[in-house]
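A.B. asks: In order, the protein sequences belong to chains V and A.
Taken in order, the first sequence gives residues 315 to 1044; the numbers are from the numbering used here.
Taken in order, the second sequence gives residues 219 to 548; the numbers are from the numbering used here.
Don't take every hint at face value.
Stated by the list, open to error - Per the computed footprint, the stretches of chain V lying under chain A, defined by three or more beta-carbons under 8 Å from a beta-carbon of chain A, are:
1. 549–558
2. 857–863
3. 916–929
4. 952–964
Said to hold, decoys possible - Quick partial rundown of chain A residues pointing at chain V, CB under 8 Å, derived from the structure:
5. 223
6. 299
7. 337
8. 360
9. 528
Unchecked claim - Per label pair, the in silico range of CB-to-CB distance:
10. 544(A) with 320(V): 22 to 30 Å
11. 899(V) with 522(A): 48 to 56 Å
12. 742(V) with 522(A): 50 to 58 Å
Hint data in this document are derived by calculation from the structure and do not stem from the laboratory.
Quick caveat, the model's predicted, so the values are computed rather than measured.
By construction, the Cβ of each residue, glycine as well, lies at the ideal position given by its N, Cα and C atoms.
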Amino acid sequence: MTTYVGEAVDRVDGTAKTTGGARFSAEYPYPDLAHAALVHATVARGRITRLDTTAAEAVPGVIAVLTHRNAPPLKPAPRVTPLNLATLASGTSVNYLNTDEVHWNGQPVAVVVAESPEAAQEAAHLVEVAYAHLPATVDFAAAEPDAKPQKSNLIMSGGAVKGDPEAALAAAPVALDLRYTTPPHHHNAIEPHATTAHWADGRLTLHDGAQNIYWTRDHLAMRFGIPKDDIRVLSPFVGGAFGGKTMVWPGTILAAMAAKATGRPVRLMLTREGVYRTVGGRTPSTQRVAVGADESGRMTALIHTSVTLTGRVGGGPEQVTSQTRHLYDAAAIRVQQNLVELDVLSNTVMRAPGESIGTFALEATVDELAYRLGVDPIELRARNEPARNPMDGKAFAHRKLRECFEQGAKEFGWAGRNPEPRSTRDGRWLVGTGVAAAYHPSWQFPANVTVRLSADGTALVRCGFHEMGMGGATAQAQIAADALGLPVEAVTVEYGDTRLPTGPGAGGSAQTASVAAALVAACEKLTRLARALARRTPGAAGASYPEILRLAGRDSIEARVGSDTRLGTAVGQLRFAGKLMSDRRRWVKAACGAQFCEVRVDADTGEVRVTRWLGVFDVGRVINAKTAASQLRGGIVMGIGMALAEETLVDPRTGRIMNASLSEYHVPVHADVPAIEIRYLDDPDPTMPLGLIGVGEVSITGVAGAIANAVFHATGRRIRDLPITLDKLL
Amino acid sequence: MKDFAYLSAPDVPTALQAIARPGARFLGGGTNLVDLMRQNIERPDTVIDITRLPLDRVEELPGGGLRVGALVRNSHLAAHRAVRERYPMLAQAILAGASGQLRNMATVGGNLLQRTRCAYFTDLSAGCNKRQPGSGCDAVGGFNRNAAVLGASASCVATHPSDMCVALAALDAVVELESVRGVRRVPLTGFHRLPGDTPQVETEIAADELITAVELPALPVAAASRYRKIRDRASYAFALVSVAAAMHARDGVITDIRLALGGVATRPWRAHQAERELLGAPATEESFRRAAEAELAAAVPQSQNGFKIELAQRAITATLRQLLTEGGAA
Ligand SMILES: Cc1cc2nc3c(=O)[nH]c(=O)nc-3n(C[C@H](O)[C@H](O)[C@H](O)COP(=O)(O)OP(=O)(O)OC[C@H]3O[C@@H](n4cnc5c(N)ncnc54)[C@H](O)[C@@H]3O)c2cc1C
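Excised from the complex, chain V in its bound form (with noise of 0.2 Å):
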C-alpha cells in the first residue's frame, strides 16, 4: 500500500530552513567559543625556512598561532585498506602542522585562533612565512602526456578490452578519432566547510557539514589516537556539499587540533577562497573518443581513453569512461583510464566523478558520427542499444533508456528537426538543438537502522545518514508512514548524529536506496512484532498498530536492522562486499536518461544561452515527486555550468588557483538557466529496494554533451574542449 511514496510530500526540514530555525555548522553557540582563521603556503612544493608570528600574536584577541612548531602532535594520516573504508577518508595524505613541508599551493601551514573571526583573519595575514622552494610538477597539460595506466582494483576498473577496436576503427568505413579536454571544477556549495569543535573530558564533539559522518568520526579518531566512541559527529544540517564534503579536509582536524590545543570551542569556517585552497575539486581531463561504423551506422569499434591528475598527496581515479562500457553495443571496445600526479591538492569526487565529464566526450562524439552518417542521432543511438551489457554480456537490471528518448522525443518535439547546422536563425540568434544520453551507475551501501512505534501514534526512524538538501529525511518518512499506516507527519526521522545507529555515507547517489533498504526491513519486523502483540491481545484483532500497543499497555516497540557493535559493523560490511559482488556478477546497475536542449548562439559575438530543457529520466520508483524533480533539475543547472563557464584556473607556473572566488569562477546565475522540464519514467527496478534508483548524479551526465551538440547544430562548430565560451566560437 503506498500513500505517500511518490508523492510530491513538502519537505520535513522546510519550514526550519525558510525560517532560518535550521542550525548549521558554523552557528553552535558554545559559551566561550574562539574563532580560527588559516594561513596558506603560496609555493607549490617547499619548507618553510622562517616563520615569525610576533606580529599576528600582537593583534588583541589573538589567542594562539599554531604552527609546526607548537601544534600538538597528530598521526599520520592511515593507510587506505579495504578493511576500513574510513580510511578512504582522507582529504590528503600530510601531516597538517606537524611538518615544514608543503606540499600544494595552499595547504594550510598555520592556524590562528583568537576571540573573534575578524582578529583570526587579520593576524593570520600578519604571519610570516618563507619558503625554500622544492621542484613542483603542476602543470597538468604539460605533463599529460606522461600519463599511466590506472590500476583495477574492487571498487573501479581502470580499463578493459572486448575484440580488437584499433583494427576495428581502421577497417570501419566511417571512423572519428577525437580529443576532447575538460578542465578543472569545483562544487561551490552555497554554505562553504565550517567546523564547531569542542573537547570535554578528552571527548571531542565536533559540528561539522559532512557527508559521512562516520569516516569523520572514525579519521579523527585515528589521527588524535583516541577511541571513536569518544567522537561525536553531529551534521543535521549541511549547506549542499556535491561531494566536496565526503573526504575530511584539513579544516575540520585543524578546528579540532585548535580546540584541543587552546582549550576552548573552536569555530573554524572557510572563507570561500580556503575552500578552494584546502577542498579538492573536479580533475580535469583529456579524453580520447574513436568510433567506428559501418553505413548503417552500426558501431564496429568504440574507444575511450582519458587522462587524469591526482595530487601525489592524495586523490584517486574519477571513472571517465565508466559510461563507454555500457552504452552503445560495439563489437569491439576499448576503454582505458590514465593517471598522472601531480604537486596540488588531492582531487576529490564531485556529482557524477567521471560520468560528468566522460559523457560530454562520449555523446558529442557520437552526435558527429550521427552527422557523419546522415543519420538522426535518437535513430543512431536506438541502432546500437544493447540488448545486454556491450563489454560482458551481463544482463542490465533495469534499462529504460531507450524509452526516454522516445518520450523525450515526442515531448520535446524532435521529429521533423531540420538536421542542418545554422539552418534556424530567430534575429540575431542561431538556433540549435542538440539530445545526449545520461548515464550513471547505481550503488547501494550498509545501513544500520532503528524504528520505534509509540503508543501515541507517532513513529521514530533513527538513521545517522546525511541530509544536504537532497530531501532524504522527506523521503524515509513517507516510506515509514506507509509501511506503518501513519500519516507521514507523525513520523519523527532523526538523522546527522554519530550516535545513531550507522548510516550510510551520502554518495554514488546511494543514500536514499540505502536507508530504505533497511527501513523497509525494520518496518517489516516491527509489524511482525505488533501483529504478535495483536494475537496475544484480546480485542486487538484488525486494530491498527498504534491501537494495538495501547490495547497491550506497552508505550512503544522497536526493530532494529544492524548492529553497532564491532562483530556487527564486521559483519555488515561482510555482507555488503557479498551483496555487492553478487549483484555485479549478475547485473549491470545504473540510472540513465535523455537530455534535450535548445540552444541559442549569438551570429556576431558567440554568446550562448541555453532557452529549452528537458530531461527524460530512468530512475526507478521515485519517492517523492518534488524533491526528486528538484535533485534532477539541479544536476541539469550544474551541467549548464559545466558545458558553458565552469573552470578552475590554476596558474600552471605556480599551481596556484587563480579564481578562488564566486565572482571570477563562473557557475550559473539564474539568467542562464531556462525553465526545466523533469520526467521521469517512475517504472521499478526489481533488483532495488522498493525499486528506486538514485537521483543525485545521473541528471548531470550529458548535459555538456547535448549543449555541445546543439551549439554545432545553431553554428556548425564543434568544441571540443569545455567551457564552451564565446572566444572558442568567434
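Following the hints, put chain A with the ligand in place on chain V, whose structure we already have.
C.D. replies: What follows is chain A with the ligand alone, placed relative to chain V:
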C-alpha cells in the same frame, strides 16, 4: 581585517577635513572597498563614511544636462527618468553591471574609483605592479583572458572593470572634485590614467579630494544610444567587451557619433579613432566595420585575450547596426 577608525561625515567640509588623516579613505557603498579590505588589498586606518553627505540628488542643468551627485546610488541613477530618456546607454550600462543588491549600495563616486578585477591584483602572493610597484606583472604569461588589449603597458595589462564609466566616457561627462583647496573639473575621458610605468596611479584624483558630482552635458544624439555588454554568462559577470554607442544619421550619412569601449582597455575607452572614421561616412555595415578595425588597429594582445580584438570589432559593428535599424539613429 585590520582594525580601523570609522567616522561618518555629516557634511562636505567635515569629510574634507577628515580625509587629511593619514591612511584615511572615503566609504561610499563599500561594495568594492570593503571587499578589498577583507582581502587585505586595501588596509585603511580610517574609513570616512560619506553616505550621509547631501550629494545624493540628480539635478537639472541649464540647457538640458544633468548634474549627478557622487552619492547617488547606481540603481537610482539607472531608474531616473531623465537618464532613461536622454541617456539610455547610461541606464543600460548601469543595469548591465553587478547585481540588484550591489547596485542599490554602489555610488556614482565609488563606481568611478572601483579597482581592477585582474586576478593577480587581488592575490597577495602574485606579482602586481599596480598593487605593489616594482613586483612585476604576473598576468603577462598568466591568466590574461580578461586583460586589456588597448592602453596597456609592459608594467600593467589590467582592465578597468566599470560599465557605467564606459557610458560616461561616451557622453562627455565631467567629474567634479573638491578638496580644501577648492573645486576642479576633469573630463571623464581624462580622469582615468593609462598605466604607463606607474600603474598604481590610476586616476587624476588627489589623495585628499572628494568626488562631489558627475555632470552630463546636454547631448541630443544620446537619446538614441545603446550599451551592449558581452560576457561569459548572461548576468553578473564583468565585460569581456562592451560598447556604448550613440549615433545620428541623416540621408544615410552619419552626422553625429559617440563611441566608447569597456572590457578591452586599461581605462574606459573613448573610441576617438572610430568616431573620426564614422563622422560623415555612410551609415553602412562597411563603415562600421572599417571604423571598428581602425579603433582596434593599435590593439596588442596577450597570450589569451587576442579574441577580444575580433570580438570588439564585431560588437561595435553589431551595436551600430542595431542602433541604425532599431535604435532610431536614422
Ligand atoms: C560581485 C560583484 C560584481 C560586480 N559586477 C560589476 C559589473 O558587472 N560591472 C561594474 O561596472 N561593476 C561591477 N561591480 C563593481 C561595482 O560597480 C562597484 O563595486 C561599485 O560601483 C563601487 O561603488 P561603491 O559606492 O560601493 O564604492 P566603495 O566601495 O564605497 O568605494 C570604492 C572606492 O572609491 C572611493 N570613493 C567612493 N566614493 C568616493 C567619493 N565620492 N570621492 C572619492 N572617493 C570615493 C573609496 O574610497 C574607494 O576607494 C561588481 C562588484 C561586485 C562585488
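A.B. asks: Report holds or violated for chain A covering the stretch 857–863 of chain V, Cβ cut-off 8 Å, minimum 3 residues.
C.D. replies: Contact hint for the stretch 857–863 of chain V vs chain A: violated, 0 residues under 8 Å.
A.B. asks: Cut-off 8 Å, C-beta pairs, minimum 3 residues; does the coverage of the stretch 952–964 of chain V by chain A stand?
C.D. replies: holds (count 3)
A.B. asks: Hey, does the residue 528(A) contact hint survive, CB to chain V under 8 Å?
C.D. replies: Residue 528(A) check passes; min Cβ-Cβ to chain V is 5 Å, inside 8 Å.
A.B. asks: Tell me if residue 360(A) is really an interface residue toward chain V, meaning its C-beta lies closer than 8 Å to one of theirs.
C.D. replies: With a closest approach of 6 Å, the residue 360(A) hint holds.
A.B. asks: Holds or violated: is there a CB of chain V closer than 8 Å to the CB of residue 299(A)?
C.D. replies: It is violated, given that the least Cβ distance between residue 299(A) and chain V is near 26 Å, above 8 Å.
A.B. asks: With respect to the beta-carbon atoms only, verify the hint that residue 742(V) and residue 522(A) lie 50 to 58 Å apart.
C.D. replies: The hint (50 to 58 Å, Cβ to Cβ) is violated, given that residue 742(V) and residue 522(A) are roughly 26 Å apart.
A.B. asks: Tell me if residue 223(A) is really an interface residue toward chain V, meaning its C-beta lies closer than 8 Å to one of theirs.
C.D. replies: Because about 15 Å separates residue 223(A) from the closest Cβ in chain V, which is outside the 8 Å limit, the hint is violated.
A.B. asks: Per the coverage rule (Cβ-Cβ under 8 Å, at least three residues), is the stretch 916–929 of chain V covered by chain A?
C.D. replies: Check passed, 5 qualifying residues.
A.B. asks: Mind taking a look at whether chain A covers the stretch 549–558 of chain V? Criterion is 3 or more residues with CB to CB distance under 8 Å.
C.D. replies: Violated - the stretch 549–558 of chain V has 0 residues with a Cβ nearer than 8 Å to chain A, which falls short of three.
A.B. asks: So does residue 899(V) sit 48 to 56 Å from residue 522(A), Cβ to Cβ?
C.D. replies: The hinted range 48 to 56 Å holds for residue 899(V) and residue 522(A), with Cβ atoms some 50 Å apart.
A.B. asks: Starting from the range 22 to 30 Å, see whether the pair residue 544(A) and residue 320(V) falls in it by beta-carbon distance.
C.D. replies: Cβ of residue 544(A) to Cβ of residue 320(V): about 50 Å, so the range 22 to 30 Å is violated.
A.B. asks: Please verify that hint: residue 337(A), Cβ, nearest Cβ of chain V, below 8 Å or not.
C.D. replies: Nearest chain V Cβ about 4 Å off; hint holds.
Comparing the model with each numbered hint stated earlier shows that hints 1, 2, 5, 6, 10, 12 do not hold.
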